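Visitor: Starting from the given sequences, assemble the full structure and let the hints guide the process.
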Amino acid sequence: TLLFHPVMARTLGPGSPLDMGITPFTVAEVLGLLGYEHALVVHGLDGYDELSLVGESHICEVRGGRLQEYIVAPEDLGMKRCRPEDLVGGSPRENAETLEGVLSGRISGPKRDMLVLNAAGAFVVGGRASDLREGAAMAEETIASGRAMETLNRLIEESKRLKEETGEWGRDQSPPLSPPSAQRPKSSQRS
26 TLLFHPVMAR TLGPGSPLDM GITPFTVAEV LGLLGYEHAL VVHGLDGYDE
76 LSLVGESHIC EVRGGRLQEY IVAPEDLGMK RCRPEDLVGG SPRENAETLE
126 GVLSGRISGP KRDMLVLNAA GAFVVGGRAS DLREGAAMAE ETIASGRAME
176 TLNRLIEESK RLKEETGEWG RDQSPPLSPP SAQRPKSSQR S
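Just so you know, the sequence shown maps onto residues 26 to 216 in the working numbering.
It is worth saying that the hints were derived from the structure and are not from the lab. Every value quoted in this text rests on a predicted model; they were computed, and no experiment measured them. Backbone N, C-alpha and C define an ideal beta-carbon position, used for all residues, glycine too. Mixed in with the good hints there might be a few duds.
[Claimed, not checked] The calculated label-pair distances, taken between Cβ atoms and stated as ranges, are:
hint	residue 1	residue 2	range
1	Gly126	Asp156	26 to 32 Å
2	Arg91	Lys185	42 to 48 Å
3	Gly115	Thr191	24 to 30 Å
4	Gly60	Lys105	36 to 42 Å
5	Gly130	His63	26 to 32 Å
6	Glu94	Arg172	31 to 37 Å
Guide: Here is the structure:
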């Protein structure tokens with residue numbers, strides 16, 4: 026399964042894949058030919074390289090050897106459109122704090138909705154949801170239950186463990202953000 030997204034788009038070469046004549050449909054066709062059972066290739070018609078709240082998103086879905094192409098608007102999933110400036114990020118630390126705020130339920134609004142929308146795509150491709158609406162409901166429940174924050178805490182702890190073992194953080198050498206212990210779900214607190 027695969028959700029084609031920004032990191033993969035940048036691996037195709039310099040410049041935007043659309044600038045090179047590579048459309049979501051083309052990428053989806055190639056994934057089908059490569060034998061992918063299920064993949065979503067998404068492109069926000071507003072220029073975002075992911076499912077978008079700013080406007081409609083063009084989706085090409087490969088499922089079981091078939092290719093389906095469709096357009097999804099935020100309203101189709103019960104979400105509100107937003108302005109590009111509502112999604113602007115900050116420094117790596119600010120972005121990490123925003124992610125923690127969203128996953129812990131302290132931050133709502135467009136950034137949270139954008140995360141829910143794209144998590145919905147991951148739930149669909151992962152076979153856990155039949156469509157984006159169901160996937161969005163699952164993402165909402167995962168945040169509300171605290172499971173999303175628990176997963177982030179486990180990822181942070183694993184990053185720290187790997188750093189201790191290898192002495193490296195990765196390419197940018199920036200340490201992961203440590204979640205405040207008061208915000209950790211009780212099941213993940215250590216004694």
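Visitor: Check each numbered hint against the structure and report the violated ones by number, ascending.
Guide: none
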